[in-house]
Amino acid sequence: MRLNMTEQDVKEIRKDFPFFSGSDAVYLDNSATTQRPKRVMDALLDFYYHKNANPFRGLYPLSWEATEAYEEARRITAEFIGAASSREVIFTRNASESLNLLGFSLGSLLLHEGDEVIVSVAEHHSNMLPWRAAAERQGAALRYLLPDEEGHFSVEELKKLITEKTRIVAMTAMSNVFGELYDTAAFAAAAHEAGAVFVADGAQSVPHTKTDVKKMDCDFLAFSGHKLLSPMGIGVLYGKEEWLEKLPVFMTGGEMIEYVTMDEVSYAELPHRFEAGTVNAGDAVALGEAIRYIRELGQDAMEGRERDLTRIAMEGMKRIPHIRIIGSPDPDDHHGILTFRVEGVHPHDTAEIMAGDGICIRAGHHCAQPLHEYLKINSTNRASLMFYNTEEEIERFLSSLGTVRRRLGYAE
Amino acid sequence: MRLNMTEQDVKEIRKDFPFFSGSDAVYLDNSATTQRPKRVMDALLDFYYHKNANPFRGLYPLSWEATEAYEEARRITAEFIGAASSREVIFTRNASESLNLLGFSLGSLLLHEGDEVIVSVAEHHSNMLPWRAAAERQGAALRYLLPDEEGHFSVEELKKLITEKTRIVAMTAMSNVFGELYDTAAFAAAAHEAGAVFVADGAQSVPHTKTDVKKMDCDFLAFSGHKLLSPMGIGVLYGKEEWLEKLPVFMTGGEMIEYVTMDEVSYAELPHRFEAGTVNAGDAVALGEAIRYIRELGQDAMEGRERDLTRIAMEGMKRIPHIRIIGSPDPDDHHGILTFRVEGVHPHDTAEIMAGDGICIRAGHHCAQPLHEYLKINSTNRASLMFYNTEEEIERFLSSLGTVRRRLGYAE
Amino acid sequence: MQNRTFYNEILTEHNLHPEHKNKMIRPTAVMRGVNPSCGDDISLELEVKDGVIADGAFKGDGCAISQASADMMLELVIGRPVDEALRLKDTFMKMIREGVSEEELEMLEEASSLQDISHMPSRVKCAVLGWRTLEEILTASPENGEDSGKSVTTENDGTGIPGKRK
Amino acid sequence: MQNRTFYNEILTEHNLHPEHKNKMIRPTAVMRGVNPSCGDDISLELEVKDGVIADGAFKGDGCAISQASADMMLELVIGRPVDEALRLKDTFMKMIREGVSEEELEMLEEASSLQDISHMPSRVKCAVLGWRTLEEILTASPENGEDSGKSVTTENDGTGIPGKRK
Ligand SMILES: Cc1ncc(COP(=O)(O)O)c(C=O)c1O
Ligand SMILES: Cc1ncc(COP(=O)(O)O)c(C=O)c1O
Ligand code: FES
Ligand code: FES
Chain A
10 MRLNMTEQDV KEIRKDFPFF SGSDAVYLDN SATTQRPKRV MDALLDFYYH KNANPFRGLY
70 PLSWEATEAY EEARRITAEF IGAASSREVI FTRNASESLN LLGFSLGSLL LHEGDEVIVS
130 VAEHHSNMLP WRAAAERQGA ALRYLLPDEE GHFSVEELKK LITEKTRIVA MTAMSNVFGE
190 LYDTAAFAAA AHEAGAVFVA DGAQSVPHTK TDVKKMDCDF LAFSGHKLLS PMGIGVLYGK
250 EEWLEKLPVF MTGGEMIEYV TMDEVSYAEL PHRFEAGTVN AGDAVALGEA IRYIRELGQD
310 AMEGRERDLT RIAMEGMKRI PHIRIIGSPD PDDHHGILTF RVEGVHPHDT AEIMAGDGIC
370 IRAGHHCAQP LHEYLKINST NRASLMFYNT EEEIERFLSS LGTVRRRLGY AE
Chain B
10 MRLNMTEQDV KEIRKDFPFF SGSDAVYLDN SATTQRPKRV MDALLDFYYH KNANPFRGLY
70 PLSWEATEAY EEARRITAEF IGAASSREVI FTRNASESLN LLGFSLGSLL LHEGDEVIVS
130 VAEHHSNMLP WRAAAERQGA ALRYLLPDEE GHFSVEELKK LITEKTRIVA MTAMSNVFGE
190 LYDTAAFAAA AHEAGAVFVA DGAQSVPHTK TDVKKMDCDF LAFSGHKLLS PMGIGVLYGK
250 EEWLEKLPVF MTGGEMIEYV TMDEVSYAEL PHRFEAGTVN AGDAVALGEA IRYIRELGQD
310 AMEGRERDLT RIAMEGMKRI PHIRIIGSPD PDDHHGILTF RVEGVHPHDT AEIMAGDGIC
370 IRAGHHCAQP LHEYLKINST NRASLMFYNT EEEIERFLSS LGTVRRRLGY AE
Chain C
1106 MQNRTFYNEI LTEHNLHPEH KNKMIRPTAV MRGVNPSCGD DISLELEVKD GVIADGAFKG
1166 DGCAISQASA DMMLELVIGR PVDEALRLKD TFMKMIREGV SEEELEMLEE ASSLQDISHM
1226 PSRVKCAVLG WRTLEEILTA SPENGEDSGK SVTTENDGTG IPGKRK
Chain D
1106 MQNRTFYNEI LTEHNLHPEH KNKMIRPTAV MRGVNPSCGD DISLELEVKD GVIADGAFKG
1166 DGCAISQASA DMMLELVIGR PVDEALRLKD TFMKMIREGV SEEELEMLEE ASSLQDISHM
1226 PSRVKCAVLG WRTLEEILTA SPENGEDSGK SVTTENDGTG IPGKRK
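Listed in order, the protein sequences are those of chains A, B, C and D.
Okay, so the first sequence: first residue is 10 according to my numbering, each after it adds one.
Okay, so the second sequence: first residue is 10 according to my numbering, each after it adds one.
Okay, so the third sequence: first residue is 1106 according to my numbering, each after it adds one.
Okay, so the fourth sequence: first residue is 1106 according to my numbering, each after it adds one.
Certain hints may be false.
Computed cross-link-like contacts, PhoX-like style, restricted to lysine-lysine with a CA-CA straight-line distance of at most 20 Å [said to hold, decoys possible]: (1) Lys47(A) <-> Lys174(B); (2) Lys1164(C) <-> Lys385(A); (3) Lys223(B) <-> Lys249(B); (4) Lys255(B) <-> Lys219(B); (5) Lys249(B) <-> Lys224(B); (6) Lys1128(D) <-> Lys385(B); (7) Lys249(B) <-> Lys219(B); (8) Lys1199(C) <-> Lys1164(C); (9) Lys1164(D) <-> Lys1199(D).
If you are wondering where the hints come from, they were derived from the structure by calculation, not from laboratory data.
As the structure is a computational prediction, the values presented were derived from the model and not from experiment.
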């Protein structure tokens, strides 16, 4: 485990990622999806080439090996986020599926006519639309928690919004626009005080900071493997065992039953009852390997590295005229996510011009359109860093960004 | 494209599959999941190492390449099953998710108090439980179509079962227990005549016979990539465009929207509105490559080869005393699926003893417990073949099978 | 991608200093064009008299490409008969979809500077937004002073954009 | 996997010719044990008198391992005091979970032939089905002739089975 990570270290670390040797693009869209180390993909191949069988279904040794590999991935994931046991870890396709599972199952368990659900206005569509749909199905109402102009949310505001009808509070642990990490434990405590369930969206937080669901005290946590150096087919839903035990099943089918007769059905134990159909053992095994890799690198070192890069990038951006950074002015609030506008330039033009320089950044609303509506901005650009980005890349990003207005015809 | 496939050809073909060089097990659980050719996994790696970005989300070239690769996989899949356009192909996690999507969305669209859904009693749990759940949610009733003792279903029986309240008929195109391929077009016609929608479960049929959704005239078809030489994270839901246009969305979140405001939401075009969250582009690309591989081998040759192997296996089994084969006595009705019992021996013991000889077969109800209930058998064994199995392997299977009773202490 | 050359002087000039944006005219027809995925829209106004586009203007927000394209388009079609404008629209669309001859290119005047947009599939919708709105306005209610209430989008018109909103 | 040796003569003999299956006794207690994933179940009957297991029998369906194990178990515990039977149960469970000494192994008599089941994780539930049912019957209602209506399963008792129904 590393204690810190220098530019030189990172140059070594990048050799673990075949992507970087094949491309000289500056990839700064890590909040959308990360690149993957070779050993993660090797673990995937090893599974498919040497252990491949349908887990749970066979008595023969291969099927047991497949089952073991899959369950080992669950154990390591449980440990990684501080779950009490692997019964609390459900494998899904991605964070979106995890949150939809909750929208359907928790929605139908808890929400009744006139009840209320609170989400923050900064939620990714995947942690907003499932709740809107659930509220609509159950006749409940949706309330928005609003941030201040710098992207900070306050527990006091949440308390004001909570009523005796509030059943669920769903909120991101880290915004994919502001980059700010929120104090989930404090927001969860406010929800719990009012008897509401707290759902944390960890899609951005889990890859960028140490996660301990016990400390966060969230009832549920969703995240995606593909933002965590893993393939695109695996996500996680963590749930406190007491809640998972109460939760109605979502998808039904193979694997998630105990027995089925023509008239009756009894569901399997946790966590299997939430995993219908053939499981994605290959990608789960790869996620397990990614977690091992991350632990070897050291999460504190990763986080420190991302903080350093963020500072360099943000200071550079502040020196370029006509750049407006969204969210907090303090780089330490950004965790590698820098959302901005170049004044007078449409974000799609900014992204296009910079793409021509080999810089991969985003333009649009980053699946947080209501937040943009609230901030009264049509769209924005976003650069998102990962520990494996280099200072050189930040330099290239900054120098390209510095030319955008000129190339669009502005005198300066 | 091959026109036929000899034992010698197959020995060559097996070199495409790293699994076989690393194992001397006789893998006969192909209906559960298949093995994968190296080139399929290479396509996956190529995607992750050279084109990896979040499809749809970026303006930079990499994201467009990722989008293109993903959409190309959709086009080739559409072509492979004879869909009218790639708008009719939705990527899901597996057949189970495809069928659950229908259970929720088609269920809520079509089913009302007192309506009826017909499923065959031979359905895999994944094409039965979602309909049972849908019927329960909507206050509709479930009816079972029953086969004769040899596993044949009759269109006449279906017609007798259909009433003016029948809204949905869901039926497998090929049973994972009997191995029989059903004349979907005829069953679909009976459903359509009564104004009902026909949902075909193609999880077993698509990998083992040429699929043409136009000829089948099913309104929906579900299948899984992992039974089709692909990774475990990708499945398909085909739907006729006119139906997909009417279908309410299922999961919500990123990617599946056109725009979202705090109060309103408008969904993306087909097929995207059914794909919430980051798509599994890697596995989709691998599925596309698997389809290319299958087309190069030739589907007729594959099917012919499987027919030959099935005949050899079934004739051998008939020569062993005390073996009871479930379903049709005609090998050509089995498409590589041989479900059986060794009289006096519990199927778990049979599978365990044969596993000791390196033969991977299944014991249990194969996720078709109601069928076993109907057949009044507690559980069965199943060997399922694929074109890549060899005659040698069938020999090893037969000679191990021939010793089971003796090894359990029977005189003969 | 040839961005460096793509954002050329013609384009930036029409974007920063559009001739026909927010111009006051007496429109006989008005139509909105919207690209929901980026949230951009324009409102196109035409004054059509005796089968001729006497004047035109546009309002709205959008990227440089959409704004410049709309401005170049108006520059080109003002003063032309409706059927000629529609033919120019066809030529513009053809330029982007499959390419055109030198001769045809010349007919498009400054609008021809957008020909390389075909290499930027995600931006085709921007370049054609004005033109598709023009087509709609001219074929829906060429002589009509009423806003039909309809609007146009170029995000699913199959202009060769791969992916999502084809 | 040592299957060839695992299905040995002791096991097959107890499976094909069980001493205590379907035997008529006068039970003072009855309990069902079920393994839902394979659909197998046994019904265990005991005649307990003055703290001693005077007689025992079982009915039901199951694999050779579950049937033989139940038969060997009854062979071992009939005639023993309840507390001794429970200690034997502990020893049997320990044999499977972590292994036992030679001495302990001997105490299990023929039931010790199942020690290798620990290498066949999917079959542990079969071997312990009878024993867990015995435990339940003896601790729930040792002197009671009534069927308590409860039943036992060995599929989620954490006997070291990896996976699904731990
Ligand atoms: C007939 C049939 N339908 C559905 C399924 C479910 O497929 P999956 O587990 O990949 O979702 C299977 C296989 O398990 C099957 O054989
Ligand atoms: C905060 C947040 N929540 C949820 C998601 C959805 O993740 P996925 O698309 O992997 O389901 C994302 C990323 O896209 C995100 O940034
Ligand atoms: S990006 Fe919206 S019109 Fe160009
Ligand atoms: S397989 Fe059911 S008890 Fe052994």
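Hints, one by one, checked against the model:
no.: 1; hint: Lys47(A) <-> Lys174(B); in the structure: violated (56 Å)
no.: 2; hint: Lys1164(C) <-> Lys385(A); in the structure: holds (19 Å)
no.: 3; hint: Lys223(B) <-> Lys249(B); in the structure: holds (9 Å)
no.: 4; hint: Lys255(B) <-> Lys219(B); in the structure: violated (28 Å)
no.: 5; hint: Lys249(B) <-> Lys224(B); in the structure: holds (13 Å)
no.: 6; hint: Lys1128(D) <-> Lys385(B); in the structure: violated (25 Å)
no.: 7; hint: Lys249(B) <-> Lys219(B); in the structure: holds (18 Å)
no.: 8; hint: Lys1199(C) <-> Lys1164(C); in the structure: violated (26 Å)
no.: 9; hint: Lys1164(D) <-> Lys1199(D); in the structure: violated (26 Å)
Hint violations for this structure: numbers 1, 4, 6, 8 and 9, all remaining hints satisfied.
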